[in-house]
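Asks: Take a look at the letters that make up each chain.
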Amino acid sequence: MEILSLNQISPDQVIFFQWGFIRISATLVYTWFIMGILIALALLVGRTATSDVKMSRWQNLLEVVVGGIREQIHEVSQDNPDHYMAFIGTLFLFIGLSNLLLIVPGYVAPTSSLTTTAALAVTVFLAVPIYGISRNRLGYFKEYFQPTFIFFPFHVMGELTRTLALAIRLFGNIMSHDKVIAILLAVTPLFFPIVMHALGLLIGMVQAYIFSILAMVYIASATQVHEEKANKDKP
Amino acid sequence: MHIDWFVFAAQIVNFLILVGLLKFFLYDRIVKAMDARQAGIASRLEEAERLKGEARARFVELEEKNQELRERAGEILNQANRDADAERGRLMALVGQEAQQSRQRWRESLLRERQVFFEDLRAKAGMSILTTIRRILQDLADEDLEDRMVQVFTGLVRGIGEEQQELLRRSLDSGTPQITLRSAFELKPNQRQKILDAIGPYISKDVSFRYEISPSPLSGIELMSHGYKLAWSIGDHLSTLEEDFNRVLKEEIPEEMPAEGVHGEEIR
Numbered sequence: 006m007e008i009l010s011l012n013q014i015s016p017d018q019v020i021f022f023q024w025g026f027i028r029i030s031a032t033l034v035y036t037w038f039i040m041g042i043l044i045a046l047a048l049l050v051g052r053t054a055t056s057d058v059k060m061s062r063w064q065n066l067l068e069v070v071v072g073g074i075r076e077q078i079h080e081v082s083q084d085n086p087d088h089y090m091a092f093i094g095t096l097f098l099f100i101g102l103s104n105l106l107l108i109v110p111g112y113v114a115p116t117s118s119l120t121t122t123a124a125l126a127v128t129v130f131l132a133v134p135i136y137g138i139s140r141n142r143l144g145y146f147k148e149y150f151q152p153t154f155i156f157f158p159f160h161v162m163g164e165l166t167r168t169l170a171l172a173i174r175l176f177g178n179i180m181s182h183d184k185v186i187a188i189l190l191a192v193t194p195l196f197f198p199i200v201m202h203a204l205g206l207l208i209g210m211v212q213a214y215i216f217s218i219l220a221m222v223y224i225a226s227a228t229q230v231h232e233e234k235a236n237k238d239k240p
Numbered sequence: 005m006h007i008d009w010f011v012f013a014a015q016i017v018n019f020l021i022l023v024g025l026l027k028f029f030l031y032d033r034i035v036k037a038m039d040a041r042q043a044g045i046a047s048r049l050e051e052a053e054r055l056k057g058e059a060r061a062r063f064v065e066l067e068e069k070n071q072e073l074r075e076r077a078g079e080i081l082n083q084a085n086r087d088a089d090a091e092r093g094r095l096m097a098l099v100g101q102e103a104q105q106s107r108q109r110w111r112e113s114l115l116r117e118r119q120v121f122f123e124d125l126r127a128k129a130g131m132s133i134l135t136t137i138r139r140i141l142q143d144l145a146d147e148d149l150e151d152r153m154v155q156v157f158t159g160l161v162r163g164i165g166e167e168q169q170e171l172l173r174r175s176l177d178s179g180t181p182q183i184t185l186r187s188a189f190e191l192k193p194n195q196r197q198k199i200l201d202a203i204g205p206y207i208s209k210d211v212s213f214r215y216e217i218s219p220s221p222l223s224g225i226e227l228m229s230h231g232y233k234l235a236w237s238i239g240d241h242l243s244t245l246e247e248d249f250n251r252v253l254k255e256e257i258p259e260e261m262p263a264e265g266v267h268g269e270e271i272r
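Taken in order, these protein sequences are the chains called A and B.
In this text, residue positions in the first sequence follow this note's numbering: the first is 6, and each later residue adds one.
In this text, residue positions in the second sequence follow this note's numbering: the first is 5, and each later residue adds one.
Derived from the structure by calculation, the hints contain no laboratory data.
Quick caveat: nothing in here was measured; it's all calculated off a predicted structure.
Each residue gets a CB set at the ideal place from its N, CA and C atoms; glycine is no exception.
Check each hint, because a few of them may be wrong.
Listed next, the in silico SDA-like pairs over lysine to any residue satisfying Cα-Cα at most 25 Å (straight line) [to be verified]:
hint : chain 1 : residue 1 : chain 2 : residue 2
1    : B       : Lys27     : A       : Leu46
2    : A       : Lys59     : B       : Ala43
3    : B       : Lys36     : A       : Val69
4    : B       : Lys36     : A       : Leu106
5    : B       : Lys36     : A       : Lys147
6    : A       : Lys184    : A       : Ala203
7    : B       : Lys27     : A       : Lys147
8    : B       : Lys198    : B       : Gln182
9    : B       : Lys27     : A       : Leu106
10   : A       : Lys147    : A       : Glu164
11   : B       : Lys27     : A       : Val222
12   : B       : Lys36     : A       : Leu49
13   : B       : Lys36     : A       : Gly72
14   : B       : Lys27     : A       : Lys184
15   : A       : Lys59     : B       : Lys128
16   : B       : Lys27     : A       : Phe130
17   : B       : Lys27     : A       : Gln77
18   : B       : Lys36     : A       : Lys184
19   : B       : Lys128    : B       : Ser106
20   : A       : Lys59     : B       : Arg48
21   : B       : Lys27     : A       : Asn141
22   : B       : Lys192    : B       : Glu166
23   : B       : Lys36     : A       : Phe130
24   : B       : Lys27     : A       : Ala203
A short list of chain B residues far from chain A (calculated; beta carbon distances all over 12 Å) [as the list claims (entries may be wrong)]:
hint : residue
25   : Asn18
26   : Glu79
27   : Ile80
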C-alpha cells in the first residue's frame with residue numbers, strides 16, 4: 006500500500022483528517038508513531054533500570070546508545086554531557102529511528118518532510134541562544150558584535166542560513182533517498198533496491214549523527230567562546 | 005516547497021514533549037544506573053585493590069612466619085639431634101658401665117664358683133687321697149695308716165736341725181712347758197709313745213703333753229708349743245695339688261675377660 010505516491014514530495018500532502026486549520030497529516034501520524042516507540046522503550050527500560058551488572062538486553066542496548074551519545078557530546082563540548090543530553094540525545098534518537106524505519110514497507114519518514122526538518126532546525130536555532138544565555142547571560146549577545154558591530158547582520162545571517170542548511174540537508178537526503186528507492190523499484194525490482202536500502206540506512210544514521218553533532222557544535226560554540234575569552238582575560 | 009505551519013508548530017511541540025519524556029523516563033534513569041554501576045565497579049575495584057594489598061601483606065607476613073617456623077623447626081630438629089646424640093652417648097656409657105659391672109659380677113661369681121669348686125675338690129681329693137693312701141699302705145705294708153703317719157712324723161721330728169731344736173726349747177722355756185699334739189685321728193698309746201720317744205732328746209722330762217683331734221681330716225700330725233710348730237699333714241701335699249689344679253684351670257679359664265666389651269659393640 007503506497008501512502009505517499011511518487012508525485013507527492015512531502016508526507017504533509019497526505020491528509021488523514023482535517024478540521025478547520027487542524028490537519029492531521031502523515032507527517033504527524035508517523036511522528037507520533039516514532040514518539041510512541043521511543044516512549045514505550047523508555048518506559049520499559051527506565052522502569053526496570055538497574056545498576057547491577059546483570060541487566061536486560063534493552064537496557065544494555067540503550068546504555069550503549071546513551072553512552073555513545075554522551076561520549077560524542079563530551080568530545081565536542083568538553084563539558085558535562087548531561088546538560089545537553091536531553092536535547093541532543095532526543096534529536097539523534099528521533100531522527101535516527103525515523104530514518105531507520107525506512108526499511109519498513111509502507112512507512113514514510115517524518116524527516117522526509119521539510120516541515121519536520123524545519124521544526125527541528127528551529128528548535129536548534131532557539132536552543133543555541135537559550136544555552137548561550139543560560140551559560141553566559143547577556144554576554145552571549147556580545148558575540149554578535151564581534152569583531153565590530155558591522156558584523157552583526159552577518160552573524161544573524163549566519164545563524165539563519167545554518168539553520169536553513171540543517172533543515173534542507175536532512176530533508177533533501179531523506180526525501181531524495183525515498184524517491185530514489187521508489188524509482189529504482191520500478192526500474193530494477195530485484196537486487197539493486199536492497200543495496201540502496203542498506204545504503205539508505207547508512208545515510209539515515211549519518212544524517213542523524215550530522216544533525217545532532219552540528220546542533221551540539223552550534224550550542225558549544227555559543228557557550229564556549231565567551232568562556233575562552235573570559236579565561237584569556239583573566240590575569 | 006511547501007511548509008504546513010500547523011504541522012510545523014505541532015512538530016516543535018511534539019519534539020519538546022519527547023525531549024521532556026525521554027529526559028524523565030530514559031536519560032535520567034539510564035545515566036543514574038550507569039553512574040551507580042560505574043561507582044559500584046570503581047568501589048569494588050578499589051575494594052579488590054585494597055583486599056589485594058591486604059592479601060599481599062598477609063602473604064608476605066605468612067611467608068615470613070613460615071620461614072621463621074622452618075628455621076625454628078630446623079633449630080628444634082638440630083637440638084633434638086644433639087639431645088638424642090647426647091642421650092645415646094649417655095645410654096651407651098650407662099650400658100657399657102652396666103656391661104662392665106655385669107662382666108665384673110660374672111667374673112667374681114666365676115671366681116667364687118671356682119674357689120668353692122677348689123675347696124670342694126680339695127676336700128674330696130684329700131679324702132680320696134687318704135683313702136687311696138690308706139688302701140695302698142694296707143695293701144702294701146699291712147700296717148695301719150696312722151702308724152705310718154706317726155712313723156713319718158717321728159722321722160720328721162728326728163730330722164730337724166739344731167736351729168729348729170733351739171727354737172723348740174726356747175718356746176718351752178718362754179711359758180708353761182706344754183706341747184700340744186694335734187692329729188686328724190686319735191693317737192693310740194703306742195703311737196703317742198713313739199712320738200714322745202722321737203721328741204724326747206730335745207726336751208726336758210717335765211714337759212706335759214696335750215692331745216687334740218683336728219676337725220679337718222686333711223691335717224696330719226702337728227706339734228705345737230708357744231710360737232713353735234712342727235707339722236706334717238696331707239694338707240701340704242693337697243696344697244701342692246691345689247696349686248697344680250689352679251695352674252691348669254687358669255690355663256683353661258683366663259681370669260681376665262677380653263679388654264674390649266663385645267656387648268657394647270653389639271648394642272651399638
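Asks: Against each hint, give a clear statement of whether it holds in the structure.
Replies: Outcome of the hint check:
no.: 1; hint: Lys27/B with Leu46/A; result: holds (13 Å)
no.: 2; hint: Lys59/A with Ala43/B; result: holds (15 Å)
no.: 3; hint: Lys36/B with Val69/A; result: holds (14 Å)
no.: 4; hint: Lys36/B with Leu106/A; result: violated (29 Å)
no.: 5; hint: Lys36/B with Lys147/A; result: violated (37 Å)
no.: 6; hint: Lys184/A with Ala203/A; result: holds (15 Å)
no.: 7; hint: Lys27/B with Lys147/A; result: violated (31 Å)
no.: 8; hint: Lys198/B with Gln182/B; result: holds (18 Å)
no.: 9; hint: Lys27/B with Leu106/A; result: holds (23 Å)
no.: 10; hint: Lys147/A with Glu164/A; result: holds (15 Å)
no.: 11; hint: Lys27/B with Val222/A; result: holds (21 Å)
no.: 12; hint: Lys36/B with Leu49/A; result: holds (16 Å)
no.: 13; hint: Lys36/B with Gly72/A; result: holds (12 Å)
no.: 14; hint: Lys27/B with Lys184/A; result: violated (34 Å)
no.: 15; hint: Lys59/A with Lys128/B; result: violated (118 Å)
no.: 16; hint: Lys27/B with Phe130/A; result: holds (20 Å)
no.: 17; hint: Lys27/B with Gln77/A; result: holds (18 Å)
no.: 18; hint: Lys36/B with Lys184/A; result: violated (42 Å)
no.: 19; hint: Lys128/B with Ser106/B; result: violated (32 Å)
no.: 20; hint: Lys59/A with Arg48/B; result: holds (15 Å)
no.: 21; hint: Lys27/B with Asn141/A; result: holds (24 Å)
no.: 22; hint: Lys192/B with Glu166/B; result: violated (29 Å)
no.: 23; hint: Lys36/B with Phe130/A; result: violated (29 Å)
no.: 24; hint: Lys27/B with Ala203/A; result: violated (31 Å)
no.: 25; hint: Asn18; result: violated (5 Å)
no.: 26; hint: Glu79; result: holds (52 Å)
no.: 27; hint: Ile80; result: holds (51 Å)
Of the numbered hints listed earlier, those contradicted by the structure are 4, 5, 7, 14, 15, 18, 19, 22, 23, 24, 25.
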